[in-house]
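Chemist: Keeping their order, the protein sequence lines are chains S and P. Going by numbering that gives the first Met the number 0, 10 is the number at position 11 of the first sequence; the sequence numbering is gapless. Going by numbering that gives the first Met the number 0, 171 is the number at position 172 of the second sequence; the sequence numbering is gapless.
For the record, the hints were derived by calculation from the structure and aren't laboratory data. The beta carbon of each residue, even a glycine, is placed where N, CA and C say it ideally should be. One thing to keep in mind: the hints can contain errors.
[Claimed, not checked] Residues from chain S that keep clear of chain P, each with C-beta distances beyond 10 Å, as calculated:
id, residue
1, Asp16
2, Thr21
3, Gly26
4, Thr30
5, Gly66
6, Glu70
7, Val75
8, Asp76
9, Arg79
10, Cys84
11, Pro106
12, Ile108
13, Glu112
14, Leu113
15, Pro114
16, Arg115
[What the hints assert, rightly or not] Below, computed lysine-lysine pairings styled on DSS-like, alpha-carbon distance capped at 30 Å:
id, chain 1, residue 1, chain 2, residue 2
17, S, Lys57, S, Lys13
18, P, Lys336, P, Lys371
19, S, Lys123, P, Lys251
20, P, Lys371, S, Lys18
21, S, Lys13, P, Lys143
22, S, Lys98, P, Lys34
23, S, Lys125, P, Lys251
24, P, Lys251, P, Lys143
25, P, Lys83, P, Lys100
26, P, Lys89, P, Lys34
27, S, Lys18, P, Lys56
28, S, Lys98, P, Lys94
29, P, Lys300, S, Lys18
30, P, Lys351, P, Lys83
31, P, Lys336, S, Lys98
32, P, Lys300, S, Lys56
33, P, Lys251, S, Lys57
34, P, Lys143, S, Lys56
35, S, Lys13, P, Lys336
36, P, Lys34, P, Lys94
37, S, Lys98, P, Lys143
Listed below, chain by chain, are the residues.
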Amino acid sequence: MKNNRIVDHPVLGKLEDRKEITFTFDGKEYTGFEGDTVASALLAHGIRTLRVHEESKKPRSIYCNIGHCYECRVTVDDVRGVRACLTPIREGMAVDSGKGLPSPLNPSIPPEELPRTYAEYEEKSKETRGDTDA
Amino acid sequence: MHDVVIIGSGPAGLSAAISCRENNLEVVVVDEFPKAGGRLLGQLHQEPTGEWWNGIKETEALLERANALQTDIRLEVSVYHVEKNDETFKVYTNKGTIESKNVLIATGAAETAAPIPGWTLPGVMSIGAAQVMTNVHRVKVGEKGIVVGVNVLSAAIAREMQLAGVNLHSMALPAANIVTGDQSNPRKVMDALARIAHLAPSKFIQFGSRFARASSFVRNTAVKFFPPGGVKMWGMPVHIRKAILSINGEDKVESVTMCKVTTDGAPIAGTEEEIDVDFVCIAGGLYPLVELAAVMGVPFKYIEELGGHVPVHNEQMETPIEGLYVAGNITGIESAKVAGAQGTVAGYSIAKHALGDEAIGEHVKNSMEQVKTVRANASIQFHPKIDQGRARIAESFEVNHS
Chain S
0 MKNNRIVDHP
10 VLGKLEDRKE
20 ITFTFDGKEY
30 TGFEGDTVAS
40 ALLAHGIRTL
50 RVHEESKKPR
60 SIYCNIGHCY
70 ECRVTVDDVR
80 GVRACLTPIR
90 EGMAVDSGKG
100 LPSPLNPSIP
110 PEELPRTYAE
120 YEEKSKETRG
130 DTDA
Chain P
0 MHDVVIIGSG
10 PAGLSAAISC
20 RENNLEVVVV
30 DEFPKAGGRL
40 LGQLHQEPTG
50 EWWNGIKETE
60 ALLERANALQ
70 TDIRLEVSVY
80 HVEKNDETFK
90 VYTNKGTIES
100 KNVLIATGAA
110 ETAAPIPGWT
120 LPGVMSIGAA
130 QVMTNVHRVK
140 VGEKGIVVGV
150 NVLSAAIARE
160 MQLAGVNLHS
170 MALPAANIVT
180 GDQSNPRKVM
190 DALARIAHLA
200 PSKFIQFGSR
210 FARASSFVRN
220 TAVKFFPPGG
230 VKMWGMPVHI
240 RKAILSINGE
250 DKVESVTMCK
260 VTTDGAPIAG
270 TEEEIDVDFV
280 CIAGGLYPLV
290 ELAAVMGVPF
300 KYIEELGGHV
310 PVHNEQMETP
320 IEGLYVAGNI
330 TGIESAKVAG
340 AQGTVAGYSI
350 AKHALGDEAI
360 GEHVKNSMEQ
370 VKTVRANASI
380 QFHPKIDQGR
390 ARIAESFEVN
400 HS
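Make the full structure from the sequences, and use the hints.
Modeler: As structure tokens, this is what we get:
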């Protein structure tokens, strides 16, 4: 597994031993250290993509890393829109990447593909999100 | 009911909290980051004396003083609104509403974007993001990267990344577009570097210092004949005649496209080259983070020397709204030392106001002098005409207040 930790530093010194914390990201288990944020713990494992853009579904990662830009929105223990860069990891925390949203009124979708009923809309939403349980 | 809520636990907020607590005020400091210290935490540079300015150590020293005075510091608390009804401020946070008689907004600064095509790809981040990952979280942001934007902040942080063993290809300008403005103009960038040359201790600035006292003709010549391989800073090329046209990749950063530019920053066709990188740091500079002052209805003034729109305030750190104070980078972009000194002023001003004790006025006065001393001795200055900017904002306060 990838490890991007800066252990030895010429000025800041050696990284102290810290308590290990286990959490999940999209169902997969990861370990980080006390003091890590969701964003730093995942990046230490080489994981950059934290969400996809709600409409374009393009991948996104941290940008500012200090809470200003809101690019790193994830779902933490079922709470959506949480900033990964400000959220410390906690034991057993379940983090899920930010998902795309259905965009049935997107003008680029040809009319014949638009949902005609609410049932169809829900069906399409599941497809877009790649959900199995929604 | 608290005497004061301090929003932001950076050098300004913590220093203010200390002077308030010395006067036994009921203080609450809130910050949305999980660690106190603000942007100070990530800072790491060598002073002209050769000593290291270590933001983590500086933060620990401030926290030690604040904790000795039993200061109530609440982290992971985000403020989304502040209002004043009669004499009481209500500070709305994600963890409830806090009421107080005074409020100090010490929210610091945010980074200006220099968007270029591809900048939303995972692997692109602001230079400050890389600083926090590197020095605070101790995580390498990638295997090999490039810094887009050449200025005092990006030079300092590029050096910090090198120290941590992060591999940087080079520093170059962002390609010109409607947003990047002066950041993509080699002449303007050279002027800015030359202006700060005498202040900073770094190798990078030593390169700039060769042109510091030079005429604009000499500087323009230097821009014109800037070495195609860049000027080396600690072995890393710094380019001001090359710009990044785009950041490329499917689902993450895979490369950047670099090209040569004219002395005015126009891309020269046919000079494009692709450079493999897995991360890109965008450095557009800093601007005061002022939204909370805006929702409070504080008047603003645009002052370039201070980094943009700043809330009107006086040297005592008062705004025209009674009981509302500002300190640190929200009042203008300067070093952490200046921010701390301003925080001390604000703390004493609040204590004087809250206790109605004229004797504290002496502390206010002395700490105001201290701000000037610290400013004059600052080793990193973001704008050479900072004093003029400060004078202009103080003038606006008088106009607004009379």
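Chemist: State for each hint whether it applies.
Modeler: Going down the list of hints, with the structure as the test:
no.: 1; hint: Asp16; verdict: holds (13 Å)
no.: 2; hint: Thr21; verdict: holds (17 Å)
no.: 3; hint: Gly26; verdict: holds (20 Å)
no.: 4; hint: Thr30; verdict: holds (14 Å)
no.: 5; hint: Gly66; verdict: violated (5 Å)
no.: 6; hint: Glu70; verdict: violated (8 Å)
no.: 7; hint: Val75; verdict: holds (12 Å)
no.: 8; hint: Asp76; verdict: holds (15 Å)
no.: 9; hint: Arg79; verdict: holds (14 Å)
no.: 10; hint: Cys84; verdict: violated (8 Å)
no.: 11; hint: Pro106; verdict: holds (21 Å)
no.: 12; hint: Ile108; verdict: holds (22 Å)
no.: 13; hint: Glu112; verdict: holds (25 Å)
no.: 14; hint: Leu113; verdict: holds (27 Å)
no.: 15; hint: Pro114; verdict: holds (28 Å)
no.: 16; hint: Arg115; verdict: holds (33 Å)
no.: 17; hint: S:Lys57 <-> S:Lys13; verdict: violated (38 Å)
no.: 18; hint: P:Lys336 <-> P:Lys371; verdict: holds (11 Å)
no.: 19; hint: S:Lys123 <-> P:Lys251; verdict: holds (27 Å)
no.: 20; hint: P:Lys371 <-> S:Lys18; verdict: violated (44 Å)
no.: 21; hint: S:Lys13 <-> P:Lys143; verdict: holds (22 Å)
no.: 22; hint: S:Lys98 <-> P:Lys34; verdict: holds (28 Å)
no.: 23; hint: S:Lys125 <-> P:Lys251; verdict: holds (25 Å)
no.: 24; hint: P:Lys251 <-> P:Lys143; verdict: holds (13 Å)
no.: 25; hint: P:Lys83 <-> P:Lys100; verdict: holds (9 Å)
no.: 26; hint: P:Lys89 <-> P:Lys34; verdict: holds (24 Å)
no.: 27; hint: S:Lys18 <-> P:Lys56; verdict: holds (21 Å)
no.: 28; hint: S:Lys98 <-> P:Lys94; verdict: holds (26 Å)
no.: 29; hint: P:Lys300 <-> S:Lys18; verdict: violated (48 Å)
no.: 30; hint: P:Lys351 <-> P:Lys83; verdict: holds (20 Å)
no.: 31; hint: P:Lys336 <-> S:Lys98; verdict: violated (42 Å)
no.: 32; hint: P:Lys300 <-> S:Lys56; verdict: violated (39 Å)
no.: 33; hint: P:Lys251 <-> S:Lys57; verdict: holds (10 Å)
no.: 34; hint: P:Lys143 <-> S:Lys56; verdict: holds (27 Å)
no.: 35; hint: S:Lys13 <-> P:Lys336; verdict: holds (26 Å)
no.: 36; hint: P:Lys34 <-> P:Lys94; verdict: holds (17 Å)
no.: 37; hint: S:Lys98 <-> P:Lys143; verdict: holds (29 Å)
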